[in-house]
Every structure is written in structure tokens, then in C-alpha cells.
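Engineer: Chains as they are written, first to last, in numbering that gives the first Met the number 0: chain S, 0 to 346; chain C, 0 to 285.
It should be emphasised that the hints constitute simulated quantities derived from the structure, not laboratory data. Please note that the accuracy of each hint is not assured.
Claimed, not checked - Under the rule of at most 25 Å between Cα atoms (straight-line distance), these lysine to any residue pairs were calculated in the SDA-like manner: (1) C:K50 <-> C:A117; (2) C:K50 <-> S:P55; (3) C:K187 <-> C:R208; (4) C:K187 <-> C:H231; (5) C:K50 <-> S:G35; (6) C:K50 <-> S:G56; (7) C:K16 <-> S:Q150; (8) C:K50 <-> S:R246; (9) C:K16 <-> S:R249; (10) C:K16 <-> C:N62; (11) C:K50 <-> S:T317; (12) C:K50 <-> S:D152; (13) C:K50 <-> S:E245; (14) C:K50 <-> S:G203; (15) C:K16 <-> S:G233; (16) C:K16 <-> S:V250; (17) C:K187 <-> C:G7; (18) C:K16 <-> S:L177; (19) C:K50 <-> S:G153; (20) C:K16 <-> S:A314; (21) C:K50 <-> S:Q150.
Bear in mind that the values here come from a model prediction, so they are computed numbers and not experimental data.
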Amino acid sequence: MKARSPSFGEHGRWPAALLWMAAVLLVGVLLSVMVGSVGIDPREVLRALLGIQAVPGDPAVTIVRQIRLPRAILAGMVGACLALAGLGFQAISRNPLADPAVLGVSSGASFGVLIAMLLGLAGPFANPAVITLFAFAGALLAAVSVYAIAQVDGRLPITTLLLSGVIIGLFFTSCVMLFTTLLASAELQGVVLWLMGNLAPAGGRTLAVLGLVLAIGFVVLARQAAGLNLLALGEEQALQLGVEAERVKRVVFVAASLVTGAAISAAGSIGFVGLIVPHAARLLLGPDNRRLVPAAGLLGAAFLILADLVARTIAAPTELPVGVITSFCGAPLFIYLLRSRQGGDSV
Amino acid sequence: MNALELQGVTFRYRTGKGVEDVTFRAGPAELLGIVGPNSAGKSTLLRLLSKVVTPQRGRILINGRDTAGLSRVSLAQRVAVVPQEFHVAFPFRVAEVVLMGRYPHGAGGGWGSARDHAVAQAVMEATGILDLAMRRMDELSGGERQLVSVARALAQEPAVLLLDEPTAHLDLRHEQRVLEFLLTHHRKQMGTTILVSHDLNLAAEHCDRVLLLARGRIAALGRPEEVMTTAHLESAYGCSVEVERHPVSGRPRVQGSLSRQVASDTVSHHSPDVREAGCPNGQLGN
């Protein structure tokens with residue numbers, strides 16, 4: 000039989016699509032390194048990356064290597080984490096509206112970080128792994144609460160899922176506000192900046208922890224991707240096809256909470272990335288999670304780097320919180336998805 | 000060889016619903032119908048057979064092997080289910096959904112071997128949905144969706160095919176198309192088919208044997224004309240029925256009768272809504 004394989008068609012060239020996404024990501028990194036209060040042209044960027052100083056004490060080298068590149072790397076990893084978290088939550092709740100911020104999981108993570116601060120674990124010499132752990136615990140606590148509240152007869156209707164996400168999110172946000180007032184005023188400004196979503200250059204250790212968590216989350220999601228696809232048929236049918244549905248859900252749940260926690264502890268609350276990026280990836284590649292996991296990682300990184308570039312430059316010299324940009328993109332999309340049939344189906 | 004065998008299978012939910020001491024066999028190329036009123040245990044039996052729940056007592060054997068000792072994946076290589084409703088959460092394409100049926104045969108996460116694709120292609124051709132292969136699931140009609148569901152189940156190449164009201168949401172034409180296909184195809188493959196249905200006439204017309212469940216137990220098991228008797232059905236459903244012969248096939252044909260109530264019936268004769276108390280045409284206890 001020489002008939003063409005029935006599985007691919009228009010999505011057949013997806014490895015090429017991934018290459019394109021990687022190219023977009025690279026261009027995004029390059030742009031974000033070049034553009035700023037001091038313009039740096041590509042040749043200077045290349046020189047700076049190679050550590051060649053045109054003149055002794057070349058400021059371009061410092062700007063690229065100490066400020067802009069770490070910032071781009073941070074933004075990229077945070078974006079990838081949030082996009083993967085959204086993808087994971089969407090697959091297990093069988094709904095494209097799930098997102099760590101919408102589900103209140105981000106607020107839970109912020110709550111965890113504030114607890115760490117109150118315990119004095121978040122000072123300038125703090126271990127970023129410890130803070131990430133607290134954020135992870137907070138995220139997991141919020142996610143478990145939301146899913147427990149939203150469950151009706153073993154199902155997750157989208158209305159109760161969104162409502163309980165809003166409620167849990169509000170609750171943890173209130174806790175965050177309460178604890179913020181308890182903090183010493185010396186710490187206050189940093190906390191407020193962080194709460195608004197802050198991609199200020201992070202230390203090497205923060206980047207290392209974030210990178211490690213991102214790698215773990217990516218591998219876990221990639222390994223569960225085929226099972227997550229079958230979950231789209233419903234839990235009982237996934238079981239009947241040989242997927243340990245409960246285990247897959249639990250693993251993805253924990254992984255999504257983990258990457259959310261890492262992103263929040265590194266950069267504060269940045270909303271809607273987990274909603275926008277998987278949606279865009281689905282439009283480009285279809286709903287197969289085996290393609291979406293790498294695509295969401297690449298697109299999430301590119302998206303937040305570019306959003307940060309816009310936030311830094313659009314009102315220069317004032318720098319907007321990057322969460323403003325992502326929300327301005329995400330909120331309309333959320334409304335569109337909610338009104339269209341895709342998000343309206345209760346499952 | 001008995002493809003499917005249940006030995007004294009008992010499963011009770013905490014609510015008390017379930018099945019009690021169910022024993023039967025179904026052979027290769029046999030089509031066994033399971034009928035009975037609401038909450039008689041039909042769905043529980045299906046969930047037991049597909050190991051969504053496991054027996055509290057008794058054993059379920061497939062080709063002589065106890066399913067308790069089979070992993071979920073190896074069970075899925077032997078048993079496939081066509082559910083009542085087939086809803087896919089994200090806009091997957093038809094071919095992708097059919098290929099999901101190959102999951103238990105793959106390495107679990109692979110993209111599908113050449114054989115997987117060949118099987119998917121063959122079942123789509125057989126079910127007449129090959130031209131829908133690249134369509135998105137959310138663009139299909141209910142009948143087309145159900146055919147995809149059937150193709151997805153057949154892609155598993157199961158020894159036992161479980162059908163849960165496979166035609167409940169279909170119009171007459173699509174019902175016939177789905178049924179005709181299921182009957183001829185699965186028998187050709189010498190598989191065992193279990194058809195769970197509310198529709199007594201559908202079961203009587205097509206099944207080799209019929210199992211009547213009532214209150215979680217087997218009330219009758221045998222050829223349709225042995226099971227579909229006034230006595231069996233009235234005691235199982237608690238309402239009066241009439242059984243005739245189909246003019247062409249000679250199979251039993253069942254009608255709920257509104258004219259007289261069973262003496263022991265708890266329903267009052269003065270009930271203002273007689274239709275609710277009696278049984279509508281053929282679909283006893285909807």
C-alpha cells in the first residue's frame with residue numbers, strides 16, 4: 000500500500016517548525032542584547048560574547064555580559080517555565096483556559112516566596128534553591144486546593160475550575176499583602192518590584208537553579224506527552240488504552256507546579272504566558288503534546304524575551320513591568336477563548 | 000477456547016450499586032448482548048471488563064488469562080471499548096485519534112511504526128472514514144465521530160470489543176452504518192463482541208445470545224428468544240411488556256405496554272402521568 004501516511008499532512012514538517020521557533024528565539028535574544036539605553040550593534044555583541052575588548056574597559060562588554068544577556072537568559076527561562084506550566088495544566092484539566100496565574104497557582108508560589116522572606120531565608124546571600132523550594136510548595140498547595148475544590152463527581156467542569164482558581168488566587172494574594180506589611184521597610188521596595196514581575200538581572204546561582212528546574216520540567220512533560228494526548232479522550236478512555244491516567248496527571252501536576260514555582264521565585268508574578276504560548280503553539284502545530292512540549296518551551300522563551308524588550312523600550316527611560324505587556328496580550332485572548340467553543344466545553 | 004470468561008465476579012460501589020456473582024462465557028466470533036434496566040449493573044460490568052475497576056470477588060479471564068495479572072497496556076492490547084459518547088478535548092485530527100488506538104502496541108510514546116500507520120489506514124478504510132483522515136474532530140457530525148470512535152477501538156486489534164450503547168446518539172442511517180460494520184467486521188476477525196444496550200430490540204435482532212441483568216445479577220442468559228420472554232422482562236423491569244415476533248427475522252420484538260400494569264407494581268393506577276409509569280416503546284427504563 001503506497002497511500003500516504005495518515006498521521007501528518009499539514010503538520011508534517013514540524014521539525015522545521017521547531018527550527019524556525021529556535022531561530023525566532025535567537026533573534027529575540029540578539030535584539031534584546033542590542034536594544035536599550037545604549038545601542039550595541041551586532042558586531043559589538045559578537046565581540047563582547049567572545050570577550051574581545053575594542054578599547055580597554057569597553058563598556059559594551061560589561062553591558063552585554065553583565066546586564067543584558069543574563070536578563071535575556073532569565074526572561075527566556077521564565078517564559079519557557081510558564082509556558083510549559085500552562086501546557087501541563089491545560090492537558091490535565093482538558094481545557095485551554097488553564098494557566099498558572101488564572102488557576103491561582105502563581106499566587107500560591109508568591110505566598111511561598113514571602114514565607115521564605117519572613118523566615119529570613121531570602122536575604123542577599125540566600126540560596127535560590129531554598130526560595131524555589133518554598134515557591135514550589137506554595138504553588139503545589141494552591142494547585143491541590145483549586146483542583147480539590149473544582150472537582151465535581153470526579154470531573155473538572157471549567158466553570159468551577161476557573162472560579163476556584165480565582166478564589167484561591169485572591170486568598171493567596173491577600174496572604175501576600177498581609178505578609179508584605181509585616182516585612183521590614185528595607186526589604187519592602189524589593190518585594191514590591193518583585194511582586195510586579197521583575198526581570199532585573201539575576202545572579203548566576205538563580206539562573207542555575209532556574210535552568211535545572213526548567214530541564215526537569217521539560218523532560219517530565221516530554222516523557223508524559225503521549226499519555227497526555229490520550230487524556231484528551233477522557234480519563235476512563237485513557238485508562239482503557241493502557242495509560243495510568245491518575246499517575247500521569249499527578250506527575251504532570253507536580254511538574255507544572257514546580258516550574259511555576261521556579262519562574263515565580265526568580266521573576267515574580269507574570270501572567271498569561273502559560274495561556275498565550277500554548278495557544279499559539281497549538282495554532283501552528285496542532286494539539287499533539289509531543290510537538291507542543293518543545294514548541295511551548297521555545298516560543299515561551301522567545302515571547303517573554305520580546306515582551307521584556309517592549310516593556311523596557313516602549314516608555315523609555317521608564318521601564319514597565321513585563322507583566323503589563325503579557326496581560327495586555329493575554330486578557331483579550333482569554334476572553335476570546337472563553338467565548339469561543341473551545342473553552343466553553345465543560346469536561 | 001473461550002475468549003472471555005467471568006467467574007463469580009462481584010463488585011459493589013460504596014453506594015451499594017454494582018454486580019453480584021456474575022458468571023458467563025463468550026466465545027470467539029460471538030456477539031453477546033447485555034441488557035437490563037437502569038442501574039442493573041451494565042456499566043459496572045463494562046468497567047470491570049475494561050479494568051477501570053477490579054473485581055472484589057471472582058475472576059475475569061481473557062483467552063484463559065486472568066486480567067488481574069495483566070498490565071493496563073497488555074489488557075488494552077486485548078480489550079477495546081467504544082464508549083457511549085466520544086468527546087475529544089482538543090482539536091485533534093481524525094487520523095491522530097485513530098492512531099491513539101495503537102498506543103498499547105507502541106513503545107508508549109513513539110510516533111507509531113509503519114505497521115501502526117498501516118493498521119490505522121486499514122481501519123479507517125474499513126469504517127469508511129479515510130476521506131475524513133485530516134479533518135479535525137470538532138468539525139465532524141455525531142455519526143462521523145462515532146465511526147472514528149469505532150475505528151480507534153479497532154486499531155487496538157482487540158480480541159474482545161466492548162460496545163457501550165454505540166448507536167445511542169445516532170440517527171437511523173448512521174445507526175445502521177455503524178452496526179452493519181461492527182457485525183460483519185468483528186465477526187470476520189473472530190473476535191468477541193459485547194454489546195451493552197438499552198434497546199432490547201436492537202439486542203434481540205443482532206445478538207447471538209443475550210444476558211439480562213437485573214439488580215446486579217444475571218436474570219437470564221441465552222438465545223434472544225429464550226431471554227426475551229414476558230416473564231423475564233416483566234420481573235426485571237417491573238412493568239408490563241408485550242413480546243412479539245419480528246415478521247422477517249422471527250426474532251423477539253419487545254414493546255412496553257401501557258394498557259395494563261403488573262399487579263405487584265408500586266406505581267399507582269391513578270398516576271397522572273401514565274407514560275412515565277409505563278415503558279415506552281422498546282427502550283424499557285430509559
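Engineer: Now tell me if each hint is right for this structure.
Structural biologist: To see whether the hints hold, each was checked on the structure:
Restraint check: the Cα-Cα separation between K50 of chain C and A117 of chain C comes to about 28 Å, which exceeds 25 Å; the hinted pair is violated. Proposed proximity of K50 of chain C and P55 of chain S is contradicted: the alpha carbons are some 73 Å apart, above 25 Å. Distance restraint check for K187 of chain C and R208 of chain C: the Cα-Cα separation of roughly 18 Å lies within the 25 Å cut-off, and the hinted pair is therefore satisfied. For the suggested pair K187 of chain C and H231 of chain C, the alpha carbons sit about 32 Å apart, so the restraint of at most 25 Å is broken.
Proposed proximity of K50 of chain C and G35 of chain S is contradicted: the alpha carbons are some 61 Å apart, above 25 Å. This hinted pair does not check out: K50 of chain C and G56 of chain S have alpha carbons roughly 70 Å apart, beyond 25 Å. Of the pairs offered as hints, the one joining K16 of chain C and Q150 of chain S holds, with about 22 Å between alpha carbons and a cut-off of 25 Å not exceeded. The suggested pairing of K50 of chain C with R246 of chain S holds, with an alpha-carbon distance near 16 Å, which does not exceed 25 Å.
Only pairs whose Cα atoms come within 25 Å are accepted, and K16 of chain C paired with R249 of chain S is rejected, the gap being roughly 28 Å. Distance check on the hinted pair: K16 of chain C and N62 of chain C sit about 28 Å apart at the alpha-carbon level, beyond 25 Å; violated. With a C-alpha separation of about 61 Å, the suggested pairing of K50 of chain C with T317 of chain S is violated against the 25 Å cut-off. At most 25 Å may separate the alpha-carbon atoms for a hinted pair to count; K50 of chain C and D152 of chain S meet this at roughly 20 Å.
In summary, the hint linking K50 of chain C to E245 of chain S is supported, as the alpha carbons are separated by about 14 Å, within the 25 Å threshold. With a C-alpha separation of about 50 Å, the suggested pair K50 of chain C and G203 of chain S falls outside the 25 Å cut-off, and the hint is violated. Between K16 of chain C and G233 of chain S the alpha-carbon distance is near 23 Å, which keeps this suggested pair within the 25 Å criterion. Straight-line distance between C-alpha atoms of K16 of chain C and V250 of chain S comes to about 32 Å, which puts the hinted pair past the 25 Å bound.
Under the criterion of a C-alpha separation no larger than 25 Å, the hint pairing K187 of chain C with G7 of chain C is inconsistent with the structure, at around 30 Å. Note on K16 of chain C and L177 of chain S: the hinted pairing is violated, with a Cα-Cα distance of about 49 Å set against a maximum of 25 Å. Pair hint K50 of chain C plus G153 of chain S holds up; C-alpha atoms about 17 Å apart against a cutoff of 25 Å. Under the criterion of a C-alpha separation no larger than 25 Å, the hint pairing K16 of chain C with A314 of chain S is inconsistent with the structure, at around 66 Å.
Distance restraint check for K50 of chain C and Q150 of chain S: the Cα-Cα separation of roughly 23 Å lies within the 25 Å cut-off, and the hinted pair is therefore satisfied.
Comparing the model with each earlier hint shows violations of hints 1, 2, 4, 5, 6, 9, 10, 11, 14, 16, 17, 18, 20; every other hint is respected.
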